[in-house]
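Let the sequences and hints guide you as you build the complete structure.
Residue numbers (the numbering used here), protein chains in the order written: chain G, 445 to 739; chain W, 33 to 330.
There's no promise every hint is true.
Said to hold, decoys possible - Here are the simulated SDA-like pairs of lysine to any residue, each with C-alpha atoms no more than 20 Å apart in a straight line:
1. G/K630 with W/S84
2. W/K68 with W/S290
3. W/K138 with W/P171
4. G/K630 with W/R86
5. G/K627 with W/Y88
6. G/K727 with G/P709
7. W/K230 with W/S84
8. G/K627 with G/P641
9. G/K670 with W/P171
10. G/K630 with W/Y88
11. W/K264 with G/T635
12. G/K627 with G/Q579
13. G/K630 with W/P89
14. G/K627 with W/D92
15. G/K549 with G/S537
16. G/K588 with W/K138
17. G/K588 with W/K68
18. G/K667 with G/D731
19. G/K630 with G/V679
None of these hints come from the bench; they were simulated from the model.
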Amino acid sequence: MNKRAIFIVLTLLIAVFLTSCSSSAESASETGADQAYIENKGSDTIVNLALAWAEEYQKLYPAIRISVTGGGSGTGIAAMLNGTVTIANSSRSISEDEKKQAAEKGIEPVEYIIAKDAIAVIVNPNNPVSQLTLQQLSDIYSGKINNWSEVGGEDRQIVRLSRETNSGTHVYFLETVLRLGSKENKTLFSTDTLLLPSSEGIINELRTNPNAIGYDGLGYVPKDLKMVAVSKDGVLPYVLPSINTVNDDTYAVSRDLYMYTATEPQEETKKYLEWIMTAEAQKIVADLGFVPIFK
Amino acid sequence: MKTNTNIQEFIVTRLIKLSGYSAIVFVALIFLFLIKEGVPTFAEIPLGDLLSDRWYPIEDYFGILPLISGSLIITLGATLIAVPLGIGTAVFIAEIAPRWAREILKPLVELLGGLPSVVIGFLGILVITPSLRVLLNLPTGLTALAGSLLLGFVALPTVVSVAEDALDTVPRSYREGAWALGATRWQTIWRVTLPAAKSGVLTAIMLGIGRAIGETIIVMMVTGNAPIMAFKISSIFSPVRTMTATIAAEMGEVSNGSIHYHALFFIGMVLFIISLIVNITASAVVFRSQKRSEKVLS
Chain G
445 MNKRAIFIVL
455 TLLIAVFLTS
465 CSSSAESASE
475 TGADQAYIEN
485 KGSDTIVNLA
495 LAWAEEYQKL
505 YPAIRISVTG
515 GGSGTGIAAM
525 LNGTVTIANS
535 SRSISEDEKK
545 QAAEKGIEPV
555 EYIIAKDAIA
565 VIVNPNNPVS
575 QLTLQQLSDI
585 YSGKINNWSE
595 VGGEDRQIVR
605 LSRETNSGTH
615 VYFLETVLRL
625 GSKENKTLFS
635 TDTLLLPSSE
645 GIINELRTNP
655 NAIGYDGLGY
665 VPKDLKMVAV
675 SKDGVLPYVL
685 PSINTVNDDT
695 YAVSRDLYMY
705 TATEPQEETK
715 KYLEWIMTAE
725 AQKIVADLGF
735 VPIFK
Chain W
33 MKTNTNIQEF
43 IVTRLIKLSG
53 YSAIVFVALI
63 FLFLIKEGVP
73 TFAEIPLGDL
83 LSDRWYPIED
93 YFGILPLISG
103 SLIITLGATL
113 IAVPLGIGTA
123 VFIAEIAPRW
133 AREILKPLVE
143 LLGGLPSVVI
153 GFLGILVITP
163 SLRVLLNLPT
173 GLTALAGSLL
183 LGFVALPTVV
193 SVAEDALDTV
203 PRSYREGAWA
213 LGATRWQTIW
223 RVTLPAAKSG
233 VLTAIMLGIG
243 RAIGETIIVM
253 MVTGNAPIMA
263 FKISSIFSPV
273 RTMTATIAAE
283 MGEVSNGSIH
293 YHALFFIGMV
303 LFIISLIVNI
313 TASAVVFRSQ
323 KRSEKVLS
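So this is what it looks like as structure tokens:
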């Protein structure tokens with residue numbers, strides 16, 4: 445009999461546990477109503493940055509609740525135009541099409557440049573190659589150039605390193621470098637490009653392998669590796685990425701990161717966006733491997 | 033008191049039955065789920081594209097042949113390393129080693145099996161791949177060979193442990209019979225003990241292969257994940273991308289119900305079918321040899 449009693453108690457416990465789980469989830473969404481609530485959606489590139497900001501801001505102002513979701517820049521802007529989110533995150537500026545949609549709805553989206561993103565091309569410190577044009581980079585990654593001697597280096601086979609295809613950095617590098625920013629260009633990564641799951645993997649291989657070339661967000665590049673200076677077309681000067689060259693737009697592989705609000709934001713949202721421009725919030729930008737904007 | 037034991041008996045037998053059946057139910061459910069999510073691939077991707085040589089899902093290239101070849105070449109390499117070494121070690125521990133050595137070796141091998149694979153992968157990245165590059169003068173050490181070496185290392189404890197148990201269950205009278213007939217120690221091992229433990233040894237090999245083909249994190253860390261067709265022997269020196277690493281790397285970001293999502297489940301299906309084939313072949317071999325030995329005895 446004793447065992448049966450234990451069995452019944454256990455069943456009850458499990459039942460109580462399960463119901464309590466679901467009810468706590470409901471109550472959490474209900475309490476949000478009487479507080480300021482900022483919804484923030486869009487670019488997967490920015491999602492970690494937006495999350496870090498939201499966390500920090502909620503620590504400073506516990507009454508404000510900020511929810512952050514990804515889904516892509518287009519998804520975020522569409523949601524902002526439909527009025528389902530307060531702030532859209534975007535890794536590109538709003539398109540003509542989206543502007544037209546906004547005008548039809550009587551919305552004038554407000555743009556904020558919140559940070560910058562630069563991708564550094566990295567090689568082993570023993571590699572004598574120190575500058576490349578965008579075209580050369582494209583040819584290296586698409587498999588047209590296979591030996592370092594073709595770009596002024598030693599007679600070594602080039603080993604191409606890249607982030608996995610699901611990384612925003614991968615897609616940005618594909619569009620800006622391999623396809624030189626042209627929509628019609630359908631160049632693909634050479635199939636023997638190593639797709640490494642983490643920045644760590646790329647850095648580690650670059651550190652030991654003099655044949656390798658890789659790329660990563662500027663903030664992730666350790667000091668003991670060598671960055672390559674990049675020229676847009678071979679005529680313009682070769683520029684090394686740094687906070688300065690990214691901010692004055694001379695470095696070719698960089699972009700602005702944006703937030704959009706549908707109209708002039710309300711007080712709480714405005715305060716949040718102003719906080720994002722402060723040195724304190726921009727420090728988080730640097731911590732996450734992006735480039736802070738100049739103040 | 034009597035009814036009490038009866039109830040206990042009843043509960044325990046039911047519980048055992050339940051856990052026995054649940055294994056079958058779970059496998060069936062997993063397979064059904066894989067089919068449900070994977071089969072739409074046939075409708076969404078033409079078969080010709082599926083069997084092409086390019087895997088680049090963000091631009092809708094879904095050729096899975098490089099991934100299958102990558103998994104196969106690494107598993108083959110790992111098997112070639114783990115099986116001879118594993119069975120050799122098992123024979124040494126079970127047949128040759130003195131008692132004290134056996135009591136140290138067996139737990140050590142099992143301890144090796146308990147090493148987390150991410151630790152082995154980390155060692156691979158820091159030690160194996162750079163030294164492979166230098167020793168073999170390769171462009172990069174992140175190759176199928178590095179994966180095979182490490183997976184062989186991972187499969188080894190499984191093979192040793194199961195094969196050693198199988199050899200251990202061979203009755204002592206078999207060996208004594210062989211010795212009485214004047215067989216040497218080697219002849220006894222090769223002609224009597226190993227054949228007698230055949231089904232257990234085969235199980236060991238299968239479990240080892242299963243461990244190798246299903247391993248994910250290590251191959252993701254050390255094989256470079258480049259989707260290259262790897263059907264030649266020389267491909268062992270090039271980077272490859274396995275099915276497991278592809279699923280692990282891409283599942284997190286894929287949107288539910290998309291073509292890419294279904295394609296990843298399709299890869300899961302292929303993986304499942306491959307391990308099913310390995311299992312069925314091995315049990316067929318065991319079954320046939322059992323039947324033959326029954327014939328000999330009767």
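Against the structure, the hints come out as follows:
For the hint linking G/K630 to W/S84, the alpha-carbon distance of about 18 Å falls within 20 Å, and the restraint holds. Restraint check for W/K68 and W/S290: satisfied, since their Cα atoms lie roughly 14 Å apart, inside the 20 Å limit. Between W/K138 and W/P171, the direct Cα distance comes to roughly 39 Å. Violation of the 20 Å bound is thereby established for this hinted pair. Between G/K630 and W/R86, the direct Cα distance comes to roughly 15 Å. Compliance with the 20 Å bound is thereby established for this hinted pair.
Distance hint between G/K627 and W/Y88 is fulfilled; the C-alpha atoms sit about 18 Å from each other, no more than 20 Å. Restraint check: the Cα-Cα separation between G/K727 and G/P709 comes to about 24 Å, which exceeds 20 Å; the hinted pair is violated. Between W/K230 and W/S84 the CA atoms are separated by roughly 40 Å; this puts the pair beyond 20 Å, and the hint is violated. Restraint check for G/K627 and G/P641: the C-alpha separation of about 27 Å exceeds 20 Å, so the hint is violated.
Between G/K670 and W/P171 the alpha-carbon distance is near 19 Å, which keeps this suggested pair within the 20 Å criterion. Of the pairs offered as hints, the one joining G/K630 and W/Y88 holds, with about 13 Å between alpha carbons and a cut-off of 20 Å not exceeded. This hinted pair checks out: W/K264 and G/T635 have alpha carbons roughly 16 Å apart, not beyond 20 Å. Between G/K627 and G/Q579 the alpha-carbon distance is near 16 Å, which keeps this suggested pair within the 20 Å criterion.
For the suggested pair G/K630 and W/P89, the alpha carbons sit about 14 Å apart, so the restraint of at most 20 Å is met. For the given pair, G/K627 sits about 16 Å from W/D92 by alpha-carbon distance, which is consistent with the 20 Å threshold. Among the hinted pairs, G/K549 with G/S537 is consistent with the structure: their alpha-carbon atoms are about 19 Å apart, no more than 20 Å. Taken as a hint, the G/K588 and W/K138 pair is broken in the structure, with Cα atoms around 53 Å apart against an allowance of 20 Å.
As the CA atoms of G/K588 and W/K68 are separated by approximately 41 Å, the hinted pair breaks the 20 Å bound. The hinted pair formed by G/K667 and G/D731 meets the criterion: a straight-line CA distance of about 15 Å does not exceed 20 Å. For the proposed pair G/K630 and G/V679, the alpha carbon gap of about 25 Å is over 20 Å, so the pair is violated.
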